[in-house]
Amino acid sequence: MASYFPMVKNSAQRIVFPILDADGDPVSSAAGLDSERSLDGGAFADCTAEATEIGSSGIYYLDLAVGETNGDVVCIQVKTSTSGAKTTVLVFYTSTQSLNTIDAIVDAIKAKTDNLPADP
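Numbered per the numbering used here, the sequence shown spans residues 17 to 136.
These aren't lab readings, by the way, just hints derived from the structure by calculation.
Among these hints, one or two may not hold up.
To be verified - Derived Cβ-Cβ restraints for the label pairs, each shown as a range:
hint	residue 1	residue 2	range
1	Asn26	Ile125	24 to 30 angstroms
2	Pro133	Gln93	55 to 61 angstroms
3	Ile125	Ser54	35 to 41 angstroms
4	Glu66	Pro133	26 to 32 angstroms
5	Lys128	Ala81	35 to 41 angstroms
6	Phe33	Ser99	17 to 23 angstroms
Unchecked claim - Here are the computed lysine-lysine pairs in the DSBU-like style, where the Cα-Cα straight-line distance is at most 30 angstroms:
hint	residue 1	residue 2
7	Lys102	Lys25
8	Lys25	Lys95
9	Lys126	Lys25
Please read these numbers as outputs of a predicted model, since none were measured by experiment.
Glycine included, C-beta positions come from ideal geometry on N, C-alpha and C.
Please model the complete structure; the sequences and the hints are all you need to start from.
Quick look at the structure:
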């Protein structure tokens with residue numbers, strides 16, 4: 017089974033994605049970007065930020081605010097007025113914990129158990 021890192025629920029974060037044309041080629045300098053989000057199947061609403069291209073690569077990023085990830089299922093769509101470019105749709109299933117959270121819990125347990133006597 018494949019591993020994945022879920023989006024952390026109710027947490028600001030950056031997502032990175034391409035904008036593609038009908039042939040699957042990256043679209044550089046996409047114009048008129050409109051980034052929207054839907055939480056748990058609700059109506060789409062504008063994101064606080066807009067997608068930003070990384071260099072002239074056709075790869076973009078979008079910084080999501082805390083409230084924009086506060087759902088079990090987060091759907092992002094990025095539209096562009098550039099002719100031939102397709103709407104980018106991204107779906108994320110969130111989790112309330114990340115590996116960082118779990119790592120901190122394990123460290124706390126280890127700190128307690130390291131102080132146990134060798135022969136109780």
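Comparing the hints with the structure gives:
At roughly 25 angstroms, the beta-carbon separation of Asn26 and Ile125 lies within the given 24 to 30 angstroms, and the hint holds. Hint check: Pro133 to Gln93, Cβ distance near 58 angstroms, so the stated range 55 to 61 angstroms holds. The supplied range of 35 to 41 angstroms is met by Ile125 and Ser54, whose beta-carbon atoms lie about 38 angstroms from each other. Between Glu66 and Pro133 the Cβ separation comes to about 59 angstroms, which falls outside the hinted range of 26 to 32 angstroms.
The hint said 35 to 41 angstroms for the Cβ distance between Lys128 and Ala81, and at roughly 36 angstroms that hint holds. The hint said 17 to 23 angstroms for the Cβ distance between Phe33 and Ser99, and at roughly 20 angstroms that hint holds. The straight-line distance between the Cα atoms of Lys102 and Lys25 is roughly 27 angstroms, inside the 30 angstroms bound, and the hint therefore holds. In summary, the hint linking Lys25 to Lys95 is supported, as the alpha carbons are separated by about 24 angstroms, within the 30 angstroms threshold.
At roughly 27 angstroms between alpha-carbon atoms, Lys126 and Lys25 fall within 30 angstroms of each other, so this suggested pair holds.
Consistency with the previously given hints fails for number 4 only.
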